[in-house]
Structures are given as structure tokens and as C-alpha cells.
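Protein chains in written order, with numbering that gives the first Met the number 0: chain A, 0 to 238; chain B, 0 to 337.
Keep in mind that a hint or two might mislead.
What the hints assert, rightly or not - Partial pick of chain B residues on the chain A-facing surface, computed with a CB cut under 8 Å: (1) 3; (2) 15; (3) 23; (4) 29; (5) 69; (6) 76; (7) 78; (8) 79; (9) 122; (10) 274; (11) 312; (12) 314; (13) 336.
If you're looking for bench data, these hints aren't it; they were derived computationally from the structure. Small disclaimer: the values here were computed from a predicted structure and weren't measured. We put the CB at the ideal spot given by N, CA and C, even for glycine.
Below are the chains, spelled out letter by letter.
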Amino acid sequence: MIFGAIVAGGVGNRMNITGMPKQFLPLGKSEKPIIIHTLEKFILCDELDYIYLGVHKEWIEYMEKLMRKYEIDSNKIIIAEGGAERNLTILNIIDKIEKDHGESESHIIVTHDAVRPFVTLRMIKENIQAAIQFGACDTVIEAVDTIIESTDGECITSVPKRSDMYLGQTPQSFKMKSFKDIYNDLSKEERDLLTDACKVFAFRNKKVKLVRGDTFNIKITTTSDYKIANAILGGNVGD
Amino acid sequence: MINYIYQLVSPGNFSVKYEEIDYTKEIIVRPLYMSICQADQRYYLGKREVKKLKSKLPMALIHESIGEIVYDPTGTYNLGQKVVTIPNIPANQDDKIIYENYQEGSKFMSSGIDGFMREFVNIPADRIALVENVDLRIASICEFISVGVHAVNRFKSVAHSIRNKIGIWGDGSFGYVVACILRESFPNCNLVVVGKNAFKLSQFTFVDEVYLAGDIPDDLSVDHAFECAGGSGSFYAIDDIINYINPQGSVVLLGVSENKIAVNTRNILEKGLIFIGCSRSGREDFEKAIKFLEVPRFQSRLRRIIFEDEPVKSISDIHRVFKTDLNTSFKTVFKWDL
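Using the sequences and the hints given, assemble the complete structure.
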């Protein structure tokens, strides 16, 4: 089976706009919450058997209310409790999926940031195909700016060849059981270092296929991202 | 939900417009296959008056498409059902006299408002028509066929009943489609096609006579005629038709020309000819076009004029299909994966 997993476990707020997690902020002329825009795109992908939402436990009730408000009554959508960080939210979702549908080597999970509402159906479908064929995939765009590495934050350590550099986005998709097996095999130090799901696969030398993303598939993390996203959609960009 | 709309902003330049779709009101269709019309090509190449381009762009091109239902708040359709999207938005659906495609105030997707080059097409339930058991590549040109159906229906309602021989001027895709429809509609009628390209004419295997424009026999006569040449060819086609048509014949004009065309009014008056201008189509024509498409013979004839290009997965692929279309003899269709 193929599962969508929209990761919205955060409660932190880097935006200083409200006390509300950023995935719940209104976006565009409709002022629909960001997560609803993202979820609606996932609902339209018929290849996804179920869509799990990883939401912080304090916000589950709020999320349920939003789904009622925006008339999202699909029985394909299930809310799971988010974890302390991204990979733990994914693992919580995997646990819930396995409780609901059993374990299987062939289960595929398409993980996606709730705060990337500009995801396209093409990206989701190409993720599914790549995860089936290669076991894992990451959505990326080519690096336009030169990437600078600095290990001390003061001076350049190296300047990698730009044409080999990409910027990671989501969705990230993989065989669910492979991720769980590798993650459970990591030490605590390794887990602290490997905060990105695809990094977990790459760390264990597993092939991770690249899927073409889009420059507009932005992650709405900061106030300026939020203003840009609203400006693109003709929404309110006022302070 | 945020929808991606791939708009032509100026000739040869595309840009993405991001637009919210209200999920609860309209049917949402995911386009699967599209086909390029000459009207799209004229916008892409900038072969329209500057003033027209300025008033119509930016705009998503393409009005020939088949897709699948991905969301239906009305409960009319099942998810995954294949449908053709009808680009005409009538101003007044209750009008019993003026066809929806000629009503003042009607809108047309890909002429002033966005066409189907979008991630998803949100559309009212009455602007889609169900298609079953038809090759999607062929079904993608359903709108094109419906324009021919509309023309033939108007011909039927206007032309006198002597229909022994009908001429079609124009050997391009549209002439071919009109010939296919006439063959099905009037199986015993003698069909004559006049064109300029011997290869294209050789594809009309189901008609009775074909002639190169310069080699038309002097004694040829037709009861009625369809002009499907368009462009500068319209002048020669209309002139030939006026010469070879029998008195009181009907002439259906279908070719679009950017420039004004001179016509021999003296002979039109002398012969008492009827000219019928036709453009676009309405829902009824789509439904009839689908019925034609369900006939295997009709479908296999159309397969001959379809060239399938590689799927479109990026904006550079959109440029590629428009360039391919310039070099294909008939219709260019492509899978939409964007």
C-alpha cells in the first residue's frame, strides 16, 4: 500500500506572528491554513491509499476542527500524534500505519512537510514511482547559488562544485520498513545527527533517487517565506 | 488548494501562475492528454495582431484535452472516470435559438481566459462529457472533432436536400476530420477533397476523389462544399468553390484567416449560394463527437492523423511540443505530466 505522511509535528514558532504553529497560519485570498492547502493536494493523488497527518498532540483537536470547517471528510485521512522531531513524527506515523494495516515490505510512505503547500501532483507521483523502483527518493532542485561549506562558521572549509549540488525539498519517499529497520539500528549519536530521513538512507549507503522539485515548492518557515507565499497567491502581505 | 497554471505571457515565453481552487464548488479534472490547435500555435508564435496578443495574454493555452475526474463535490461522476473538458462557457444556457458558441458574452478557455495547461482544471459539471472505450490520445482531439460535428450539423439544417457530391477544400487535419464525419453521416454521398499536398491527400483513403488544387478537372461540380483551408489558402479555396459548386449550393466556411479575403460576389449572387460561417462548438456537439469516436472505424481513421510526442514534464517540454507541432503534418498530441 502507499501512504502519504504529512509532517506537522511542530509547535515552535520562528515567525513571531502568533502563538500558532506555522502550518496553521492563513494563506492566500481564501485565508485557508497552510496545512489545508497541502492536504488538499495530497487528497487528489489517487495512488495514495491513506494520508496520515502527524500533528502535535496539543493541536490534534484543532486539526480535527479545521478539517470539519473546510469540509474535508475523506475517510482516507487519519491523524497521528507527532513526535519531538521530524524523524520521530515519521516513526509515530509508521507505527500507526502498521497498527492499522499491518507490516509489509512493500509499504511505501510519501513524507511531506505540511508547510510546503506548493507541492505538485507530478512531484507526488514521481516520488511514488521512484520509491517503488529505487527504495527511496528525495525531491530536489539544482543549486543556483554557490554552496559554501564552513565547519566553524567563520571561514570557508570548502566550496563544492556547484553543478553537483542540489537543495533538498520534500516529499521524501521510501519503503517504510527499510526506514524503520535502519533507524532502529542507529546509535543515539547517529540519530541526533541524521535529522533528515533521506540522510538516514544515504548514511547506510542505500541508493536514494533524485526527483525534480520546483523552486516554488518553498518551505514556509520564516516571516519572509510567509510573505512571499502570500504575495504569490495574492493574499495579505501586511505586517 | 494551490493550482499551477502554465501561462503564455508573451510569444514563446511561459510563466507559472499560482491560483487557489475552491475545493467544494466545482469538479476537478486532472488533464491526461492534450492536443495543439493552430490557434494555440498562432499565440505561441505571436502570429496574432499585437493588440489582440496584448488583450489576451497572459493566458494558459490548449483547449483540446482529456482528463480524469479527481474530485467531484456534486457526486455526478466516479473518481478516475475519463472526461473531455468543454472550453466554451455559454453566456445563456437557456437560449434556444443562438448556439452557445456564438452567444455574445460567451467565454472560451484559451482565448482570453485560461485554457487547459494547468495542473488541475476546475470546471462546472455541465462542461465535461464522459468518454469510455476510446484511446485517450485520440479522445484528446475530441474538441477538434466537435467543431467538425457542429459544422456538419449546421450544414444539415441549412443545405438543400440534393447531396450527391460534397467537396472539401483543405487537406489538413481539419479537412480530414470533416471528411471523416461526412463519410459517417452521408455514407452514399460522393466525397471530393481538394488539397495542395499529395502526401496529405493520400491519407484520405475513405473518400471518392482527391485532387491537387492545380489539377481539378474542368467538369468537376459539387452540390455543396466545406472550406477547411484557412490562412491565405482561404482565398483560393473559396474562389475554387464558387467556380465548381452547383447553383444554390451551401458553402460552410471553417478556415480561419488573419487577413480579409476577397470573394467573387458576382458569382455568389448568380448562383444563389448560401455561406455558413462556423466556429467552435457546444456541449451537444461534444456528445455527438464522442458517439462518432466510439465507432472503431472512425477511431482508426483518426489514429492516422495523430502524432504523439514525448510527455510534457517541464516548461521546456512545452516549448518542445510546440516546435514538434510545426514539423508534423497533422495533429500533435502529448501526455501531460506537469
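Status of the hints after comparison with the structure:
A cut of 8 Å between beta carbons decides the hint on residue 3 of chain B: the least distance to chain A is about 6 Å, and the hint holds. Interface hint at residue 15 of chain B: satisfied, since its Cβ lies 7 Å from the closest Cβ of chain A, which is below the 8 Å cut-off. Hint on residue 23 of chain B holds. Least Cβ distance to chain A is approximately 6 Å, under the 8 Å limit. With a least beta-carbon distance of about 7 Å to chain A, the hint placing residue 29 of chain B at the interface is held under the 8 Å criterion.
This hint holds: residue 69 of chain B has a C-beta 5 Å from the nearest C-beta of chain A, less than the 8 Å allowed. Hint on residue 76 of chain B is violated. Least Cβ distance to chain A is approximately 13 Å, over the 8 Å limit. Proximity of residue 78 of chain B to chain A holds as hinted, the smallest CB-CB distance being about 6 Å (cut-off 8 Å). A cut of 8 Å between beta carbons decides the hint on residue 79 of chain B: the least distance to chain A is about 6 Å, and the hint holds.
Of the supplied interface hints, the one on residue 122 of chain B is violated, with its beta-carbon coming no nearer than about 14 Å to a beta-carbon of chain A, more than 8 Å. Restraint check, residue 274 of chain B versus chain A: the minimum CB separation of about 46 Å is more than 8 Å; hint violated. Taken as an interface hint, residue 312 of chain B checks out: its beta carbon lies about 7 Å from the nearest beta carbon of chain A, inside 8 Å. For residue 314 of chain B, the shortest C-beta to C-beta distance to chain A is roughly 10 Å, which exceeds 8 Å, and the interface hint is violated.
With a least beta-carbon distance of about 6 Å to chain A, the hint placing residue 336 of chain B at the interface is held under the 8 Å criterion.
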